[in-house]
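Asks: Spelled out from the first residue to the last, the chains are:
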Amino acid sequence: MGRLADPLAMSPSRPGRTRTAPPVMPAEFPAQGRYRSYMLFGACCVFFLLSSLLFLRVVNALATGPEAWDELLREFRHPLYLAYNVAALAGFVFTARRFLFQLFAKTQPPRIGPFPRPPLAVFSPVLGAAWLAATALIFCILWGAFP
Amino acid sequence: MKHLIARLEPVIWALFGGGFFVGCLLMPAFIFTICIAAPLGWLPADALSYERAHALATNPVGKLVLLALIVLPFWNGANHLRHFVIDLRGIRSDGIVAPACYGAALVVTGIAVVAVGKL
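Residue numbers (our numbering), protein chains in the order written: chain A, 1 to 147; chain B, 1 to 119.
Hints listed in this document are in silico derivations from the structure and should not be mistaken for laboratory results.
Every residue, glycine too, gets a C-beta built ideally from N, C-alpha and C.
No false leads were slipped in.
Covered stretches of chain B, as calculated for chain A (at least 3 residues, CB under 8 Å):
(1) 56-67
(2) 107-113
Label-pair ranges, simulated between beta-carbon atoms:
(3) A:122 with B:118: 39 to 47 Å
(4) B:107 with A:68: 21 to 29 Å
(5) A:133 with B:1: 37 to 45 Å
Facing chain A, from chain B, some residues (calculated, C-beta under 7 Å):
(6) 47
(7) 50
(8) 70
(9) 74
(10) 77
(11) 81
Please take these sequences and the hints and turn them into a complete structure.
Replies: Next up, the structure:
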């Protein structure tokens, strides 16, 4: 049996008539079984926070001038920056896999506005195609494929 | 504060969802090209020269993309961090964590709007 859960987190707003056992956290929480993937997904929020700030630096360097831009690219060559960015890339790909291909389709209501929800078998390929298209477009633009 | 946050939940969750889409669809390509490939010299020589990068960033679409790339993932991270802490520490910590997370997201949003506006 796992540890006692926070009773406030799961208590009803009004006490019910029926006596209930106190809530208990699952024995596998937080690092075993399916909770491992859930907690990793949660921990990836750190990459969202830090990479946003990193892009704030990119914008600031672009606004400052050519020297600041070159200096920023030099800083990004530092092993710590490279290690962080590789880890962040892995974190974003992991988040994309879980969010786009596992969670998103299942959490949509039966009707999206006036349209019925597409079948689940169609959802993931469409999202995968959108992901590939967006990634390819950004690569091409930043790589200089378009003048 | 608790009631204000509860009232703003729909807006926060919309920003959270938008952050997921920007983070999943755009971030990997941007991180790979700007933060890994460009510093290591894997890109063609002038692909991300200052002049070209500045021209891309000052384009109205470029400004919008850069703003979305900073603001939405930060709101996503702030909301996700709040719920991650609730999972680990319980709801009692939320009185401090929620205002701190959303306050930081508001500050970063303001700074990002000014920074992108200055481009």
